[in-house]
Amino acid sequence: MSNQFLLITNLLHFSIVGLLLYFTYSLYAKSEGVKRNRNKLRMQIKQVMKYKQSGFLKHLEIKQMNDLLRSARLPKSINSTTVMIGYIFILIILMFLSVFSNVTGVAIVTSGSAKLYMILLLALFPFPKLPMGFVLTFISKNYTQKINDEVYALYSQLCAEFYHGEKVNNTYHLLFEYREYFTYIKPAIERALSQWNGVGGSERAWDVFASEIGTEEAKMLAELMKEIENTTTDNALELITQRQEEFTSNRYNTFMSYLKDREMLVYVVIFICAMSVVAPAIVAQFLQFGDIANSVNDL
Amino acid sequence: MILHILDVLLKSLSPILLLIAMLFLVSSFGFSVKTVRNRLRVASKVQHKKIEKTLHKKPIFQYYNRLLLATSNSYHPRQFTMIIYIQTIICVSMFYILFLQLHDVFFSLVAAVLTTIVCPIVILWLRLYRIRTSSQDNFGDTIVIFMQEYNKQHRNIIYALKNTTARLEGDTKFVYSMLLFRLEANTIPREEAAAIFSYQMGDSYGMNLSIDILRGLHGIDISLPLQILLKNYVMFSNGIKEAKTNGRETAQLGKIPLFATPLLMFLNAKFAMQLDAWNYYFNTSIGLKTVIVSMCLAIFAFLLSIFLQKPKQR
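Here the protein sequences line up with chains A and E, keeping their order. Residue numbering for the first sequence follows the numbering used here, starting at 465 and increasing by one per position. Residue numbering for the second sequence follows the numbering used here, starting at -3 and increasing by one per position.
Calculated from the structure, these hints are not laboratory results. Ideal placement from N, C-alpha and C gives every residue a C-beta, glycine not left out. A hint or two may mislead.
[Claimed, not checked] A partial selection of chain A residues facing chain E, derived with a Cβ cut-off under 10 Å:
hint	residue
1	469
2	551
3	604
4	608
5	615
6	616
7	621
8	642
9	647
10	727
11	746
Bound-form chain A, shown alone (with noise of 0.2 Å):
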């Protein structure tokens, strides 16, 4: 058995250790109603994340890796300084370990683990033309992507109603029923309905439905609705005809660019599993040369 087998046993065995001790120093606490004051600390640094007056993390703010997390749509918490001040601590955590292993003997982080880790972690963080930043561009645009698909079924949602000829509701009352089958723009519609009735009119709620959505497809549904609120129910139908080639000439070139997209994945992973073939034969070899090696310096 190696070291480092005994000393990770241990820490496990320490660990539950200390994990039972704290269920019973908890269970302890909630029957004699202790309460503990760690509310204060998370306070302060709470108050630090929120200002960011101090001087150490205002140089944390990196504007690419920010517009980079937001398009994607993570969570506000994930942002560049809590990334940063994460990858600061593994660093710190790393180094000590590896101290900690050139004192004691024990290898926990060997050189050949250490460089490993340091790949992870370039691999992972999330910046422009790092393997991170591809695989958020491509959340980014697939989630624009569905918001896009979501604004053209609206699109033609309204079209067939236009189609009906006559019998056409009000596009408030058009708006207000549609809005159930939607889930991504369903918050953009409900903040359009809600500027109707104010001071802008409908003009106002379909330049916030717009600018809440903000992709090319919103604006132009947004600049076509405004058109046809101004004219009759027969224009309207002429106006929507007309633009719909524009609609669909859109919708080809985006889908013509996922289609690249795609292939470019697929050749990437296949290439991927490729080079994967000669890697036990190379492996073998290896090993070989070097036991053949170590044989001619015995000798």
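Starting from the known structure of chain A, fit chain E onto it as the hints suggest.
Relative to chain A, chain E alone:
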């Protein structure tokens, strides 16, 4: 020797001993196993609701639940917590066994997580992708059939869906029949069933169709919206059918590694090596790791190529 064995035994048994001691200690506060067991049995429904609330609130679990609903026909949402528990138990036990065998924390952790958590999700996702491609390719034909049946059945959605499923094949049939089953059986709300239907389609046209079906269930006439939907779809899909196969053709190369990896290993052992190659493949830790990783990658590539095949045209 005996002392060493005793030491190991004590070390491995001490957590259990401690647990028993803890039970005695806690029972002095008024804790008994019997009442807890009875309470659990009585309050299993309440507990299930609690777990459902906490589990379904998280977006990852929501995604997993929807993926399972979209890809398998024998899954019910109440089995979700059980699936999660089984996966975690298998993951932890596999990690422990691998760690005892290989003495490597990192590799065993990664292998356990990959095989028990990532692999099922990837396989389900590939199945969903296959369902999506087949239903998108047959969308024009199916909507024509659906319109015919809708007019034939005097604008009754359920009967129209029932007759369309009889005339379909393959994964497209699966999608429509699952929608019909969920609308009829009331295992989940109708809106959720329609949302899963549009998720299986993965397209704005599928979303439109699901909205139309929901509106039809409320008693609104949807023959005109269906016609417009078909018109829009034909306008969009004319120039795209050939471009759709671009990625699928390169994916067919992924079938090679599953046969090429063992073949190359055999050829290497037979002709290129001077010492025993099989010893290096399976009896050293590095060799075993590379063999496992490369075979996993080969199987993954094979599955990918199967799932990216062009679906059969009806």
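How the hints compare with the structure:
no. : hint : verdict
1   : 469  : 5 Å, holds
2   : 551  : 18 Å, violated
3   : 604  : 15 Å, violated
4   : 608  : 13 Å, violated
5   : 615  : 8 Å, holds
6   : 616  : 4 Å, holds
7   : 621  : 6 Å, holds
8   : 642  : 7 Å, holds
9   : 647  : 7 Å, holds
10  : 727  : 4 Å, holds
11  : 746  : 9 Å, holds
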